[in-house]
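Number of protein chains: 2
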Amino acid sequence: MNAQAQHDDTRQRLISTAGEIFAEHGFKAATVRDICAKAGANVAAINYHFGDKLGLYIEAVQAAHCGGQDLLLQAWPESMPATEKLRLFIRKMLEHFLDDTQPSWKTRLMLRELADPTEACAKLVENYIRPMAEVLHAIGLELVTDQVSEEQRWLIGFSIVGQCLFYKVHRPVANLLLGAERQSILNIDVLAEHISQFSLAALGKALPVTCDGAALTDHIRRLHAVHN
Amino acid sequence: MNAQAQHDDTRQRLISTAGEIFAEHGFKAATVRDICAKAGANVAAINYHFGDKLGLYIEAVQAAHCGGQDLLLQAWPESMPATEKLRLFIRKMLEHFLDDTQPSWKTRLMLRELADPTEACAKLVENYIRPMAEVLHAIGLELVTDQVSEEQRWLIGFSIVGQCLFYKVHRPVANLLLGAERQSILNIDVLAEHISQFSLAALGKALPVTCDGAALTDHIRRLHAVHN
DNA sequence: AATTGTATTAAACATCTGTTTTAAATCAAG
DNA sequence: CTTGATTTAAAACAGATGTTTAATACAATT
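The listed protein sequences correspond, in order, to chains A and B.
For the first sequence, this note's numbering begins at 1 and goes up steadily by one.
For the second sequence, this note's numbering begins at 1 and goes up steadily by one.
Be a bit skeptical, because a hint or two may be false.
Pairwise CB distance ranges (calculated) [said to hold, decoys possible]:
no.	chain 1	residue 1	chain 2	residue 2	range
1	A	Ala122	B	Asn187	19 to 25 angstroms
2	A	Ala122	B	Gln12	49 to 55 angstroms
3	A	His25	B	Asn175	25 to 31 angstroms
4	A	Thr118	B	Gly179	18 to 24 angstroms
5	B	Asn47	A	Thr118	27 to 33 angstroms
6	B	Asn127	A	Arg182	31 to 37 angstroms
7	A	Val43	B	Ala138	55 to 61 angstroms
8	A	Val43	B	Ala44	30 to 36 angstroms
9	A	Glu193	B	His49	18 to 24 angstroms
10	A	Pro103	B	Val43	37 to 43 angstroms
11	A	Thr118	B	Asn127	41 to 47 angstroms
Counterexamples of contact, computed for chain A against chain B with all Cβ distances above 10 angstroms [unchecked claim]:
no.	residue
12	Ala41
13	Glu84
14	Asp116
15	Thr145
16	Glu150
17	Glu151
18	Trp154
19	Gly162
20	Ala174
Chain A residues, not near chain B, derived (Cβ > 12 angstroms throughout) [unchecked claim]:
no.	residue
21	Arg11
22	Arg33
23	Cys36
24	Ala37
25	Ala45
26	Cys66
27	Trp76
28	Arg91
29	Thr101
30	Glu113
31	Phe158
32	Leu200
Since the hints were made in silico from the structure, they are not lab data.
Where is the CB? At the ideal position from N, CA and C, for every residue including glycine.
Sequences and hints are given; from them, build the entire structure.
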């Protein structure tokens with residue numbers, strides 16, 4: 001193992017270890033000693049490789065959003081119906097956020113940065129969030145007509161993403177509210193189906209969540225009134 | 001000013017000052033010296049009145065959710081249509097979160113605690129979140145039929161709250177994404193109207209967001225197919 | 001007026017934390 | 001093998017941070 005390799009190795013080890021610890025405790029509460037200990041590096045390594053603690057943090061945030069967006073891009077054929085694209089988008093997003101099998105520090109760290117922005121935030125938004133927003137935007141253009149304004153399309157996007165984010169950011173609250181016996185609904189399949197149907201129904205591309213006979217009759221009557 | 005009054009005064013001053021600073025920086029990054037300085041108290045005051053820093057934090061979180069829920073309870077007459085109740089609920093919630101005129105440290109501190117729970121979280125959920133959830137629950141029972149399961153009603157509630165929370169927790173991101181010229185849509189009137197229509201449409205209680213003629217025809221045909 | 005319990009203050013303490021220094025080790029190039 | 005640059009290691013440093021101590025001020029009680 002030569003010096004360069006060793007160099008890159010500790011550098012990389014520091015970044016990923018720091019990512020985990022920053023994601024868990026936040027920038028201030030994470031200590032350089034803790035990071036170095038878990039990375040098997042000397043305390044001085046951080047300052048040598050990254051200048052200071054903030055430099056390491058910024059690189060960790062950058063590492064968190066490099067190679068992550070491919071999870072959401074080109075995941076479906078162009079010919080697929082827009083409603084199905086949205087369903088897939090929602091599902092991929094939930095998997096991305098809620099999948100516990102793979103290390104979750106990347107999304108946790110990014111969400112921390114987005115809620116509590118430092119100088120790393122702008123790059124994160126441009127490199128990671130905006131590409132996602134554009135994918136959603138494209139789906140939106142297919143789904144809704146030209147009569148829907150640009151601004152309204154942004155709001156629709158926020159409504160969809162907001163629903164998905166809730167289960168990541170406020171999962172502890174959802175757990176407490178639901179109680180032990182109802183936790184089962186907090187899995188990806190159920191949530192993806194619900195958010196998809198809720199959102200598509202809001203856009204008039206799926207049946208409303210309530211499918212009661214009388215309510216549906218009322219609803220259809222109302223629609224006809226507008227339509228004619 | 002007698003001793004007892006002075007006592008209560010510094011105690012209260014410490015709690016509200018701590019609330020502001022904890023809300024702004026989080027538990028770890030906030031320093032007792034900063035809190036005491038801004039509260040005009042001695043450094044030892046925190047340990048004298050609250051035992052330690054964590055004790056003060058817990059009292060600050062408690063102060064943040066005492067007397068705050070009345071903003072959401074009994075704000076409408078029982079006879080009001082459920083759709084209007086939901087509109088009001090959403091509006092009140094947004095005002096509660098986004099109103100910049102009143103000190104916002106209470107909601108910010110609560111959201112911090114909810115996203116990063118300490119021992120103060122359980123009480124916060126029971127005293128503040130659950131009452132709100134029950135109000136929303138009651139509206140939900142009026143809006144949807146008995147055919148909608150308990151679990152599904154929870155998910156509907158999370159969809160509504162998730163949309164509202166997005167603009168509080170991730171406002172910086174929304175700002176960056178929208179750019180300067182589109183910031184105007186991030187005001188309470190526009191957001192309340194959008195979230196209300198989006199959610200009511202999802203439940204079949206309002207027109208879908210897209211009101212294009214052809215799309216509407218398709219939509220109605222689909223509804224009829226289910227209805228008959 | 002003396003005493004007592006409570007609240008405030010200034011100072012000190014012990015530990016933690018980010019950073020720097022200095023020296024040793026490692027390794028590629030000449 | 002030597003040289004020179006790069007990386008690691010141990011120790012120390014300076015400042016910040018939560019907490020404690022001991023003295024003081026003050027109001028109520030005896």
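These are the hints, each one checked on the structure:
1. The supplied range of 19 to 25 angstroms is met by Ala122 of chain A and Asn187 of chain B, whose beta-carbon atoms lie about 24 angstroms from each other.
2. Checking the proposed 49 to 55 angstroms range against Ala122 of chain A and Gln12 of chain B shows it is violated: the Cβ atoms sit about 39 angstroms from each other.
3. Distance hint for His25 of chain A and Asn175 of chain B: a CB-CB separation of about 26 angstroms, consistent with the stated range 25 to 31 angstroms.
4. Taking the beta carbon of each, Thr118 of chain A and Gly179 of chain B are about 21 angstroms apart, inside 18 to 24 angstroms as hinted.
5. Hint check: Asn47 of chain B to Thr118 of chain A, Cβ distance near 31 angstroms, so the stated range 27 to 33 angstroms holds.
6. The hinted range of 31 to 37 angstroms is not satisfied by Asn127 of chain B and Arg182 of chain A, whose Cβ atoms lie roughly 21 angstroms apart.
7. In this structure, Val43 of chain A and Ala138 of chain B meet the distance hint of 55 to 61 angstroms, their C-beta atoms being roughly 56 angstroms apart.
8. Between Val43 of chain A and Ala44 of chain B the beta carbons are some 32 angstroms apart, a value that agrees with the proposed interval 30 to 36 angstroms.
9. Restraint check, Glu193 of chain A to His49 of chain B: a C-beta distance of roughly 51 angstroms breaks the suggested window 18 to 24 angstroms.
10. For the pair Pro103 of chain A and Val43 of chain B, the beta carbons lie near 41 angstroms from each other, so the given range of 37 to 43 angstroms is met.
11. At about 33 angstroms, the beta-carbon gap between Thr118 of chain A and Asn127 of chain B misses the expected band of 41 to 47 angstroms.
12. Chain B leaves Ala41 of chain A outside its interface by the beta-carbon criterion, the shortest separation being 23 angstroms against a cut-off of 10 angstroms.
13. With a cut of 10 angstroms on Cβ distances, Glu84 of chain A stays outside the contact zone with chain B, its closest approach being about 15 angstroms.
14. A cut-off of 10 angstroms between C-beta atoms contradicts the statement that Asp116 of chain A is not in contact with chain B; the least separation is 8 angstroms.
15. The beta carbon of Thr145 of chain A is not kept farther than 10 angstroms from every beta carbon of chain B, the shortest such distance being approximately 4 angstroms.
16. Here Glu150 of chain A does not stay apart from chain B, with its beta-carbon only about 8 angstroms from theirs, under the 10 angstroms limit.
17. With 10 angstroms as the threshold on Cβ separation, the claim that Glu151 of chain A sits away from chain B is violated: the shortest Cβ distance comes to roughly 5 angstroms.
18. Distance to chain B contradicts Trp154 of chain A as a non-interface residue, since its nearest Cβ pair spans about 6 angstroms, not more than 10 angstroms.
19. Separation of Gly162 of chain A from chain B is inadequate, the least Cβ-Cβ distance of about 3 angstroms not exceeding the 10 angstroms criterion.
20. Annotated as non-interface, Ala174 of chain A brings its C-beta within 10 angstroms of a C-beta of chain B; the closest such distance is 7 angstroms.
21. At the 12 angstroms boundary, the C-beta of Arg11 of chain A stays outside the reach of chain B, the nearest C-beta of that chain being 26 angstroms off.
22. Here Arg33 of chain A stays apart from chain B, with its beta-carbon at least about 15 angstroms from theirs, past the 12 angstroms limit.
23. For Cys36 of chain A, the condition that its CB be more than 12 angstroms from all CB atoms of chain B holds, with the nearest at approximately 19 angstroms.
24. Here Ala37 of chain A stays apart from chain B, with its beta-carbon at least about 18 angstroms from theirs, past the 12 angstroms limit.
25. Separation of Ala45 of chain A from chain B is adequate, the least Cβ-Cβ distance of about 23 angstroms exceeding the 12 angstroms criterion.
26. Every CB of chain B is more than 12 angstroms from the CB of Cys66 of chain A (nearest about 18 angstroms), matching its label as outside the interface.
27. No Cβ of chain B approaches the Cβ of Trp76 of chain A within 12 angstroms, the least distance being about 21 angstroms, so the stated non-interface status holds.
28. Every CB of chain B lies more than 12 angstroms from the CB of Arg91 of chain A, the least distance being 15 angstroms, so the non-interface label holds.
29. In this structure Thr101 of chain A is separated from chain B by more than 12 angstroms, as the shortest Cβ-Cβ distance comes to about 23 angstroms.
30. The claim that Glu113 of chain A is not at the interface with chain B is violated, since a C-beta of that chain comes within 12 angstroms of its own (minimum 10 angstroms).
31. Its beta-carbon lying about 6 angstroms from the closest one in chain B, Phe158 of chain A breaks the requirement of being farther than 12 angstroms from that chain.
32. Against chain B, the non-interface label of Leu200 of chain A is violated: not every CB pair exceeds 12 angstroms, the least being about 8 angstroms.
Figure legend: structure checked against the earlier numbered hints; hints not met, in rising order: 2, 6, 9, 11, 14, 15, 16, 17, 18, 19, 20, 30, 31, 32.
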